[in-house]
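Participant: Please build the complete structure, drawing on both the sequences and the hints.
Chains as they are written, first to last, in my numbering: chain A, 536 to 685; chain B, 246 to 440.
Read the hints as simulated data drawn from the structure, not as lab findings.
Since this is a predicted model, take the numbers as computed values, not measurements.
Beta carbons are placed, not taken as given, at the ideal position from N, Cα and C, and that holds for glycine.
There is no bait here: all hints are sound.
Computed from the model, here is a short list of chain A residues facing chain B with C-beta under 7 Å:
#	residue
1	Val581
2	Lys645
3	Lys647
4	Val648
5	Leu649
6	Leu661
7	Ile663
8	Pro666
Covered stretches of chain A, as calculated for chain B (at least 3 residues, CB under 8 Å):
#	segment
9	582-595
10	667-681
DEER-style ranges, computed between Cβ atoms:
#	chain 1	residue 1	chain 2	residue 2	range
11	B	Ser419	A	Gly616	12 to 20 Å
12	B	Leu257	A	Gly545	29 to 37 Å
13	A	Gly616	B	Gln318	17 to 25 Å
14	B	Pro418	A	Glu584	29 to 37 Å
15	A	Lys627	B	Gly405	19 to 27 Å
16	A	Glu584	B	Glu322	43 to 51 Å
17	B	Glu284	A	Val680	39 to 47 Å
18	B	Tyr274	A	Val680	49 to 57 Å
19	A	Gly545	B	Asp293	21 to 29 Å
20	A	Glu565	B	Thr397	26 to 34 Å
21	B	Asp395	A	Gly658	28 to 36 Å
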Amino acid sequence: MGCALAKDPGKEKIGTLKAQLIYATDEDVEDLGESRKGLSDAEKKVLEESIRKKFKTYWMLGEDQTKILRGYENWTSPMRGSEELMVSFEPKGREGKDGLRLDLELWQSKRKVLKADPVLRKGKHLYIVGPKWRGGQLIIVLELVDLLKE
Amino acid sequence: MDENRKEELLTLWMDDGLSSAEREELAPYLAKHPELEAEREEYVRLRDELRSVLPEHVEPPYPEFFNKHLMRQIREEERMERIPAVAEVSGMWSWMRYWMVPAAAAAVVVAFLAGKEMGDRPAGAVATTSGAGYTGELAPGVYSAISSVDVTTWEDPDAGSTVIVLDGLEDIPSSVDLLKTTASLEEGEGSGKTF
Chain A
536 MGCALAKDPG KEKIGTLKAQ LIYATDEDVE DLGESRKGLS DAEKKVLEES
586 IRKKFKTYWM LGEDQTKILR GYENWTSPMR GSEELMVSFE PKGREGKDGL
636 RLDLELWQSK RKVLKADPVL RKGKHLYIVG PKWRGGQLII VLELVDLLKE
Chain B
246 MDENRKEELL TLWMDDGLSS AEREELAPYL AKHPELEAER EEYVRLRDEL
296 RSVLPEHVEP PYPEFFNKHL MRQIREEERM ERIPAVAEVS GMWSWMRYWM
346 VPAAAAAVVV AFLAGKEMGD RPAGAVATTS GAGYTGELAP GVYSAISSVD
396 VTTWEDPDAG STVIVLDGLE DIPSSVDLLK TTASLEEGEG SGKTF
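Facilitator: Now the structure itself:
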């Protein structure tokens with residue numbers, strides 16, 4: 536006894552993941568409130584080119600930013616306070632200097648609906664075109680905000 | 246008393262499984278190590294907690310989700326148990342782990358049996374990748390656990406993005422008010438911490 540506790544290397548932060556939830560719709564939508572903003576023209580252009588589909592309006596419903604821990608499974612919900620859509624992820628290893636492969640799962644209503652192992656790169660987006668809601672399309676956007684050096 | 250015999254008797258002692266002869270055999274060792282009684286009490290507390298968390302005959306409402314979180318908690322418990330074992334103790338915890346591993350394994354088995362939807366890839370689920378510009382940022386292991394959901398993926402090198410499209414998901418009911426949730430952006434440990 537008396538020795539300091541060993542530090543768990545699995546708890547070490549190796550990066551940050553941002554998750555956003557976008558609501559895309561062709562319906563006429565009233566203002567969704569001050570906390571919900573529309574996308575800029577530039578954001579809209581990138582999104583439409585990426586998903587190869589256009590909608591009349593896009594709303595950012597929520598964002599979450601989560602630490603990526605070296606040896607642990609992490610959870611993020613772009614809609615904080617809601618378990619309706621959740622993402623679990625666990626790092627599987629680096630891919631080059633700026634890439635991180637994740638074991639990633641999407642959960643809808645507490646049911647796993649997708650399993651993937653994408654490589655995320657800083658500044659690039661992973662779009663998951665998910666379920667529909669109130670006549671519109673929900674799109675989850677994942678981005679590797681930073682990846683610490685090894 | 247040799248090491249193997251000591252571990253055997255200690256394990257039985259933890260589970261109230263000693264015969265009177267065995268209890269007499271172990272008594273001198275316990276007298277020399279009174280701190281073991283506190284360890285035993287902690288073990289009993291943990292065992293009772295596990296039993297209260299894992300009802301044997303009631304199926305959880307979301308088996309797959311339940312199992313996922315339970316296994317995560319077990320892994321974290323095991324990590325927490327291992328850390329002081331490395332840093333502080335070489336003797337006592339070395340036999341404690343013989344008990345802890347089966348206990349954790351038993352919990353996993355119970356959780357596994359509770360779930361009807363365990364298994365990552367159901368029969369018939371096929372990974373699908375298509376579209377121009379697919380360059381392999383998504384390995385072939387992209388699929389939905391729901392057989393009625395089609396998964397299509399592609400990459401857009403110009404936009405620097407990867408896209409996964411899930412067709413056939415159930416709609417989120419209109420009655421669910423996603424606008425009532427918090428839309429803040431603060432770095433945290435992850436929403437899963439709230440479970």
